[in-house]
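> Fit chain B to the given chain A structure using the hints.
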Amino acid sequence: DAMVIQNPRYQVTQFGKPVTLSCSQTLNHNVMYWYQQKSSQAPKLLFHYYDKDFNNEADTPDNFQSRRPNTSFCFLDIRSPGLGDAAMYLCATSSGRTAPTDTQYFGPGTRLTVL
Amino acid sequence: GESVGLHLPTLSVQEGDNSIINCAYSNSASDYFIWYKQESGKGPQFIIDIRSNMDKRQGQRVTVLLNKTVKHLSLQIAATQPGDSAVYFCAETHSGGYNKLIFGAGTRLAVHP
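Residue numbers (our numbering), protein chains in the order written: chain A, 1 to 115; chain B, 1001 to 1113.
Simulated from the structure, these hints should not be mistaken for laboratory data. Idealized CB from N, CA, C, for every residue including glycine. Check the hints yourself; a few may be wrong.
Derived SDA-like pairs (lysine to any residue); straight-line CA-CA distance at most 25 Å [stated by the list, open to error]:
1. B:LYS1100 / A:SER72
2. B:LYS1100 / A:GLN65
3. B:LYS1068 / B:ASP1049
4. A:LYS38 / B:GLY1059
5. A:LYS38 / B:THR1010
6. B:LYS1071 / B:GLY1059
7. B:LYS1042 / A:ASP102
8. A:LYS38 / B:VAL1111
9. B:LYS1056 / B:ALA1024
10. B:LYS1100 / A:ASP102
11. A:LYS38 / B:ILE1047
12. A:LYS44 / B:ASP1049
13. A:LYS44 / A:ALA87
14. A:LYS38 / B:SER1085
15. B:LYS1100 / A:THR26
16. B:LYS1042 / A:TYR105
17. A:LYS44 / B:ILE1048
18. B:LYS1100 / A:PRO69
19. B:LYS1042 / A:THR13
20. B:LYS1100 / A:ARG111
21. B:LYS1056 / A:PHE15
Derived list of chain B stretches under chain A, where covered just means 3 residues or more per stretch with a C-beta under 8 Å from a C-beta of chain A [as the list claims (entries may be wrong)]:
22. 1039 to 1051
23. 1101 to 1107
Label-pair distances were calculated between CB atoms; the ranges are [what the hints assert, rightly or not]:
24. B:HIS1072 / A:SER72: 38 to 44 Å
25. A:PHE15 / B:GLN1060: 43 to 49 Å
26. B:ALA1078 / A:ASN28: 32 to 38 Å
Extracted from the complex, chain A is given alone in its bound form (with noise of 0.2 Å):
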């Protein structure tokens, strides 16, 4: 089935130590978002690409970072972690040829824990 696959499902970082999560999508979109979801609030767009375009959200800071290699991955480095970062980070990917209605679909999530 196609789908949107993210890796590891859990993280556990120490405190300014670099990670890096990622995302994998088999439905071939031409865009691929991450989200930032702490608990019991809605997901918060961080910055998305269209295809090569990245596209940074004016409020996403410095420390957070991504790469898409290629059409099917895409990774959110987060450079130096701190403790406000803790959170589940969602990957999301639309096929961005029927706006507006292109549908965003979301992968399950990493959740990330920083000691």
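Relative to the frame of chain A, chain B by itself:
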């Protein structure tokens, strides 16, 4: 500014009853609305969507109603089941610019046997 919010943070229903989850939005330019279901520890799952040129859309056991006059969106779940227990988010977007979703705060639906 733009916002999508929910009237009720928690909704408790009996199994078999119908559930109604409400959502208000403030951007009159919004033209596409989506409901997502998020179970504990999982990513949001697409349930149903509706475009602004419609006022009602039905799926399997779910119906979305859109009232553009008062900028209100609702999700109706018929014959609610324990498996419907989750947090439900409404989200909106508009065709100006890229497909940035604006999420509401979420409503937790608790289904009791």
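> Take the hints in turn and mark each one as holding or not.
Comparing the hints with the structure gives:
no.	hint	verdict
1	B:LYS1100 / A:SER72	holds, 20 Å
2	B:LYS1100 / A:GLN65	holds, 19 Å
3	B:LYS1068 / B:ASP1049	holds, 15 Å
4	A:LYS38 / B:GLY1059	violated, 30 Å
5	A:LYS38 / B:THR1010	holds, 18 Å
6	B:LYS1071 / B:GLY1059	holds, 21 Å
7	B:LYS1042 / A:ASP102	holds, 21 Å
8	A:LYS38 / B:VAL1111	holds, 24 Å
9	B:LYS1056 / B:ALA1024	holds, 16 Å
10	B:LYS1100 / A:ASP102	holds, 10 Å
11	A:LYS38 / B:ILE1047	holds, 22 Å
12	A:LYS44 / B:ASP1049	holds, 20 Å
13	A:LYS44 / A:ALA87	holds, 11 Å
14	A:LYS38 / B:SER1085	holds, 19 Å
15	B:LYS1100 / A:THR26	holds, 22 Å
16	B:LYS1042 / A:TYR105	holds, 12 Å
17	A:LYS44 / B:ILE1048	holds, 21 Å
18	B:LYS1100 / A:PRO69	holds, 22 Å
19	B:LYS1042 / A:THR13	holds, 21 Å
20	B:LYS1100 / A:ARG111	holds, 23 Å
21	B:LYS1056 / A:PHE15	violated, 49 Å
22	1039 to 1051	holds (count 8)
23	1101 to 1107	holds (count 5)
24	B:HIS1072 / A:SER72: 38 to 44 Å	holds, 39 Å
25	A:PHE15 / B:GLN1060: 43 to 49 Å	holds, 46 Å
26	B:ALA1078 / A:ASN28: 32 to 38 Å	holds, 35 Å
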